[in-house]
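*Asks:* Sequence:
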Amino acid sequence: MEKLLLCGRNSVFDALKNNFPIEKIFIAKESNNLSLKIKKYNVAIEIVTKKDIEKITTENHQGIIAVLKDFPIYDLNYLLNEKPNKVLILDHIQDPHNLGAIIRTANAFGIKFIIISKERSADITNSVLKISSGGFIGIKIVKVNSISATIHKLNKNGYWIYASALEEKSISLNKIKFNSPSALIVGNENYGVSKSALKMADQIIHIEQFGSVQSLNVSVATGILLYEFVK
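Numbering (UniProt numbering), first residue to last: 1 to 231.
In case anyone wonders, no lab produced these hints; they're calculated from the structure. Warning: the hint list may mix true and false statements.
[To be verified] List of simulated lysine to any residue pairs, SDA-like, C-alpha gap at most 25 Å: (1) Lys83 to Ile137; (2) Lys24 to Ile56; (3) Lys69 to Lys143; (4) Lys231 to Pro181; (5) Lys112 to His97; (6) Lys112 to Asn174; (7) Lys29 to Ile56; (8) Lys86 to Met200; (9) Lys199 to Asn77; (10) Lys130 to Glu189; (11) Lys24 to Val48; (12) Lys37 to Asn60; (13) Lys112 to Ile56; (14) Lys50 to Lys69; (15) Lys143 to Ser133; (16) Lys17 to Asn33; (17) Lys50 to Ser133; (18) Lys29 to Lys40.
Put together the whole structure using the sequences plus the hints.
*Replies:* Structure (structure tokens):
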């Protein structure tokens, strides 16, 4: 598995302030003044050249990168103990760019928990972290074996389940008043929300569209849905 890297001052300092498990921080000689600010966090620091950093990453690094020991992953029981009011479920999103963009958007709308499947889903990678643009800070990723079993357990614990799909019985987003606590499901880029998940949803919703385009990119659609979901 690739080492997860955080590149740039904002990402690194955000991770430090939020106690992310950092293995080591590399600082370019030209940015050595940053080491004084980092010492209080009691993290291993190595001063290197810019060329050394560019051997590790091709991303814009601003003279500083952090190597993560791992990325914090949570289970469903942790989420249920925390009892968040709003939860986002990603039903087998496979494109890392979409996952990163959704994490960023979810952060902007105050979502604290995102559920993803352990199988057939995009994982947390350097590309995802880069695209999220620091959005991973404050978001807890919950990995589960089965989306269907997770929906069932959430429902048993009092969560209303909303799924996004253009179905015969779906209701327009602008006509929905979301109950609490609730979970919103968005589906795979090609197949949408699975049939089993749709059957378990309390309500299926769709986004009104007025042009000739028949569908929206999942990260764009998620942003529109979340705007209403968190109101």
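*Asks:* Each hint: holds or not?
*Replies:* Hints, one by one, checked against the model:
| no. | hint | result |
| --- | --- | --- |
| 1 | Lys83 to Ile137 | holds (19 Å) |
| 2 | Lys24 to Ile56 | holds (13 Å) |
| 3 | Lys69 to Lys143 | holds (18 Å) |
| 4 | Lys231 to Pro181 | holds (13 Å) |
| 5 | Lys112 to His97 | holds (20 Å) |
| 6 | Lys112 to Asn174 | holds (24 Å) |
| 7 | Lys29 to Ile56 | holds (16 Å) |
| 8 | Lys86 to Met200 | holds (17 Å) |
| 9 | Lys199 to Asn77 | holds (23 Å) |
| 10 | Lys130 to Glu189 | holds (20 Å) |
| 11 | Lys24 to Val48 | holds (12 Å) |
| 12 | Lys37 to Asn60 | holds (20 Å) |
| 13 | Lys112 to Ile56 | violated (31 Å) |
| 14 | Lys50 to Lys69 | holds (22 Å) |
| 15 | Lys143 to Ser133 | holds (21 Å) |
| 16 | Lys17 to Asn33 | holds (18 Å) |
| 17 | Lys50 to Ser133 | holds (22 Å) |
| 18 | Lys29 to Lys40 | holds (19 Å) |
Figure legend: structure checked against the earlier numbered hints; the only hint not met is number 13.
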